[in-house]
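Student: Sequence:
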Amino acid sequence: MSQLWQQYQDLKAQNAYLFQYEAADLLHVSEGELLSSAPESVYLGQDFGAIFKRLEAIEEVQLMVRNHIAVHEKHTRITPLKLSPKVGLAIDVGGFDVRLFPSHWHHAFAHDFPSRGKTLRSIQFFDAHGFALQKVYLQSDNDDVWQAIVDHFKQAQKPTFTPATPHITEQTVLNDEQLQTFQQRWRGLTNVHQFFGLLESYALTRQQAFESAPEGYAFQLETTAIEAMYETAAAQEVPLITFIGNKGIVQIQTGTVKNVSRMRGWLNIFDQKHNGFTMHLDDAKIATTWLVLRPTTDGLISCIEALDEQGHTVLSVFGQRVEGQAELSSWRQVLQNVTEQTISEESLA
1 MSQLWQQYQD LKAQNAYLFQ YEAADLLHVS EGELLSSAPE SVYLGQDFGA IFKRLEAIEE
61 VQLMVRNHIA VHEKHTRITP LKLSPKVGLA IDVGGFDVRL FPSHWHHAFA HDFPSRGKTL
121 RSIQFFDAHG FALQKVYLQS DNDDVWQAIV DHFKQAQKPT FTPATPHITE QTVLNDEQLQ
181 TFQQRWRGLT NVHQFFGLLE SYALTRQQAF ESAPEGYAFQ LETTAIEAMY ETAAAQEVPL
241 ITFIGNKGIV QIQTGTVKNV SRMRGWLNIF DQKHNGFTMH LDDAKIATTW LVLRPTTDGL
301 ISCIEALDEQ GHTVLSVFGQ RVEGQAELSS WRQVLQNVTE QTISEESLA
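Be aware that the sequence shown starts at 1, since it is given in the working numbering, and climbs by one per residue.
Be aware that a few hints might be false.
As the list claims (entries may be wrong) - Straight line, CA to CA, 16 Å or less: simulated EDC-like cross-link-like pairs of lysine to aspartate or glutamate:
id: 1; residue 1: Lys154; residue 2: Asp47
id: 2; residue 1: Lys154; residue 2: Asp112
id: 3; residue 1: Lys158; residue 2: Glu170
id: 4; residue 1: Lys53; residue 2: Asp151
Stated by the list, open to error - Per label pair, the in silico range of CB-to-CB distance:
id: 5; residue 1: Thr224; residue 2: Glu309; range: 17 to 23 Å
id: 6; residue 1: Gln14; residue 2: Ala148; range: 49 to 55 Å
id: 7; residue 1: His152; residue 2: Glu345; range: 51 to 57 Å
id: 8; residue 1: Pro163; residue 2: Thr79; range: 32 to 38 Å
The hints are simulated quantities; they were obtained by calculation from the structure and are not laboratory data.
In this text the structure is predicted, and so the values were computed from the model without any measurement.
No residue lacks a Cβ here, since even glycine has one placed at the ideal position from N, Cα and C.
Assemble the whole structure, with the sequences as input and the hints as a guide.
Tutor: What follows is the structure, given as structure tokens:
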């Protein structure tokens, strides 16, 4: 057993509830480095597309995606993933619904470990620096199929992770002319997906963009609005779309919410029995929360976005909507009740 893995075992002996990423932080290594040091971990190489293809044979998995503030867990079956050099798409609404950014996907490991009196089997994907992008856990009785996947991709040598360099977000200051054209382009959006390109063209973070938004299109909220929004939507059975991601993937849950609960300081959704969805949100770490409106050919699309200290999105929530249709009036009513802001096309005309 390596010294690093022994140190991890010592930490676990002191705190049985210590998560792998928490231990890695305490040991000043990446999560990938820590897992690589486990004697029973198996390196599966870099062909994550082929691994996902083989995982389609598994009847049920748990998919976990996290950032430093939010965790998104989904029990479902993996469906075909369409990959291109820049993006990967799986669109199974209410199921395996993800957007991948392949340039960040570098290494995969299989790892079996004890959990609640049984062995939990996982395949975990990491970037070049050892940051965990997504973890897949076997939930169904498909051990033979799972083992065949591990055996097929097993590599003799484990990789070396490169140290991550601190990224400092530069503050972009728009001059008067740039601000005017930025606001004009925001008001001229015809699709919510155009917003990312708008930010890129001005090198703005979400925080900077929201602060520079045209009047009436972005409102800063108290972080408590997130909990109030989920509780109101649950009580009124308003279907939502919850996005949580990191630099390598965004995982999406669509549907109604039933069980909203606060535990140990975290805001949680415990809906595994309802629709296979669980969320954990350390909302005390959220820097700012916003109500954001974007015009489209289908009318205004409104959402709540939570940002970290770097001005990047850690959580965004929309009302469930079909492309080509207006957003639900019930979703607007939830937001208006929670934020006390009027949301209407007429108010921005």
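Student: State the violated hints by number, sorted upward, taking the hints as numbered earlier in the document.
Tutor: 3 and 6
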